[in-house]
Amino acid sequence: MNRDIILKSKELFAAGVHTELRAQINKSQGVSIISGNLTGNASSEVSGLSARVYKNGVYGFSSMAECTYEAARAVLEAATDNAVFMDSRVRKGTDMFPSQKSGFVERYTSTDTPSQKRYIDFARSLDSYITEKYPSLSGRCVMVRADSMEKMLVTSDGCDGYTSMPRSYVYISMTGETSNGTPVELMTPIGGFGTFDTVFTSPEALYEKIDRIYEKIRQKQEGIYPEAGLKTCILGGELAGMLAHEAVGHTVEADLVLGGSVAAHNLGREVASPIVSMVDFAHTFRGEAVPLPVYVDDEGVEAIDAPLITNGILTGYMNNRETAHRFGMTPTGNARAYRFSDEPLIRMRNTAILPGTSKLEDMIASIDDGYYFVDTNNGQADTTGEFMFGICMGYEIKNGKLGRALLDTTISGVAFEMLKTVDMLSDTMTWASSGFCGKKQPMPVGLGGPAVKCKVTVGGR
Amino acid sequence: MKEKLFNLTENLLSQLKEGGADVAYCTARMSETLEFNVDGGTFSLLRTLFDRGLSMTAIKEGKKGSVGTNSFDSDTVETTVANCLALSDSSEADSAWEIAPGMGEKCFERGAVIPDKDRLFDRTQELLADISARYPLIVMEQMIVTHTKSESVYRNTNGSVFNTVSGYYSVELMFSGHEGEESSSFFSSGVLTDNLDTPFIELGSIARDLEDTEKQIRTVPCEGKYVGTMLLSPGCLSSFIDSIADNFASDRPLLDGTSIWKDKLGEKVADERITISLMPKSDKVVCGENYTGEGFLSENFDFIRDGRLESFFASCYISNKTGVPRAKNTSGNVIMKAGEKSLEDIIKNIDRGILVGRFSGGEPGINGDFSGVAKNSFLIEGGKIVGAASETMISGNLADMLLDLVDISCETVSDGVSILPYAAFNGITISGK
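Protein sequence lines, in the order shown, are assigned to chains A and B. Numbering-wise (my numbering), the first sequence opens with residue 1 and increments by one. Numbering-wise (my numbering), the second sequence opens with residue 1 and increments by one.
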């Protein structure tokens, strides 16, 4: 990326309006092996420039698939024209939002990728291991995925920055059959922040994790359907992260608050048990990097943590500069864009329920009749806070002990009601980061939490 | 633009052939998007995007590689061709990979290629005013109204050259109903259209969706657990049909043999009143698919006809691997044959059940089991809607429900992508909190 062109293009900024200019490269590589067949072998690279101009309460935006000085001039002119058109038709007349700290934030991690053959050989090694060790499986799939974003941002008011976010994952999927021939499946992602070679040292290092996935499939083959209804349950850390992101996080994004989310009426109110606190972390948790660190957002705001729930009280929203001004809050660096041609939206970064003090064993021992839900394959939530999570791995709890595995089910509840039932949180923390959040644009996000003991509605059958 | 795309693709295929590709295909595309955004009920943003894309696939000694970029400069093109060939070299030989036969030179032009920016703004402003006047309890979370114009050239080494020019308008709304601190679940509605002749409020199911959402602010609980009737709205039916296609008839379950329909081609899989087709060539579909990603000219086909499985959604590769016929398009333009009864009459005949506007569920199991929350839904008792449902879960089996059809409505919703009726199915477990 030619950073000098972007820096020089600042001289093209118009006076009297807020302007952002961003150059960006997105790379992705993928390999898929389904039941031994190499069905996917592809890579892509997409790059370009975009400009956004704010005038009297409306934005103009434009993008081009080029990273030249001429392209910068063209998108700046088009974005300005668009802002002028909107201002002339809408006439909002809103004030300019407050100035932000200036500076240059440089947090670049290499986005260089190994050859595609490396991905294929790695996936083939894992597939061979699964085939040879577990021939009774009725289906298997190994996928390797790597993606990255590299951004150079300059602003008329705020921080400039040069940052990157590479991620690499292996997805292992296995299919078995129950005694009556019903297929059961489990897919597990492994990986995290960094280029492929920094995340994965060798296929052999994943064998133990593959063995654990097979053990879960074997348990599911003898699984039972859970009983439907409101039950006392433990949500594993990954599910707690899903709860933090889907059921609470989206409702406290300030644009959705303005769109009528349940959080609009609950700021400063008790929305959870006093032992529950929740934060959207920018880049660091207890001295260590979170899964997908963000140091500066795409509006030039230096990223800081956004406390959302503190000791059960809803204390804040996630904002962009405009909504922070409107709500009288401090912007925390949540405005993020996925591709060069995308405008920044209010997005989560690394959203988590904070751990407590209990031991998981004690939490299980405290339940006479309930469930321990471990893995999820999807989750959705409403702006009312009503949520639904697909459960693809879990166990019954009987008389304080783990029992049989569960077949796939769903759980549901209303976040601000369900969080009030939380009475134990484990002292451990589980993070996940393999997915994309969908909100007009996709976005890589991290999510996490401890094991959570609470009451939720179980779908059963 | 056309000449540039023709020359670029011709040059690309030459480079791939010179680099050793046995067969290859590529697509070069340029597009312009104009987009108005409304957030929290007021205009917030106007975007204009000038984009382009280049994708290419080479098969060399049975080994396939695919790459994509959005740069047309000669250095990047040269590097991308080299990457594509390197990907092929690093791949594994599989005789099932092939490209479409040569079909000559064809031109396709569909839709409204030139946008009317001022009229598009006016129609958008009119929609906001219509909603405000007719549905005062609605809060518009977001509205995105776009015009997209694109031109592309697909070319393969067997002699196909397809030039496509298209343009269409898209309207997408996300909203919820509010009264004091009470609110409905959020809901979305949308359409594609190739003209601005009609007020947006009259298109698709926008008006009905807004009306229903206002009625969902206050809810009634679902009592207990019972087996009853699930009446799916056209929008929700679409998501169920997608799940049925993914679970039983798509590439992955066919290749790994987990599809429970893998041996059922030509056999009964649904009630004989069910006919579901994929029809990108319908004149009700806006800018439907002209050719598949693999380079085959698109034709309409029946997925299920009179209850019998007529086609899978198999790609050419999966067809070669498994022996099932290739699907004749990859469009997603689903059209389901309407029934004879009105929606009102169908509801009158339901003793106990639920009209589902949106299903928020986990990924259905590969055996077809599904469970999840019925969102934007109404409870039905004694042939009448008794109120909007709160915290109601539904579960059943995708394959079983197709065989347990109650009725299909004569009313349909056409949104430029699909044409679907309401459809009611028995044997669904419905449970409250």
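Hints in this document: simulated from the structure, not taken from any laboratory. Ideal placement from N, C-alpha and C gives every residue a C-beta, glycine not left out. Please note that a few of the clues may not be correct.
[Said to hold, decoys possible] If you want a taste of the chain A side facing chain B, the calculated C-beta under 8 Å gives, among others:
id	residue
1	N37
2	N56
3	L186
4	P203
5	A205
6	G459
[What the hints assert, rightly or not] List of simulated lysine-lysine pairs, DSS-like, C-alpha gap at most 27 Å:
id	chain 1	residue 1	chain 2	residue 2
7	A	K439	A	K398
8	B	K433	A	K117
9	B	K17	A	K439
10	A	K420	B	K433
11	A	K401	B	K215
Report task. List in ascending order the numbers of the hints, as given earlier, that are violated by the structure. Result -> Checked against the structure, the hints that fail are numbers 2, 3, 4, 5, 7, 8, 9 and 11, while the rest are satisfied.
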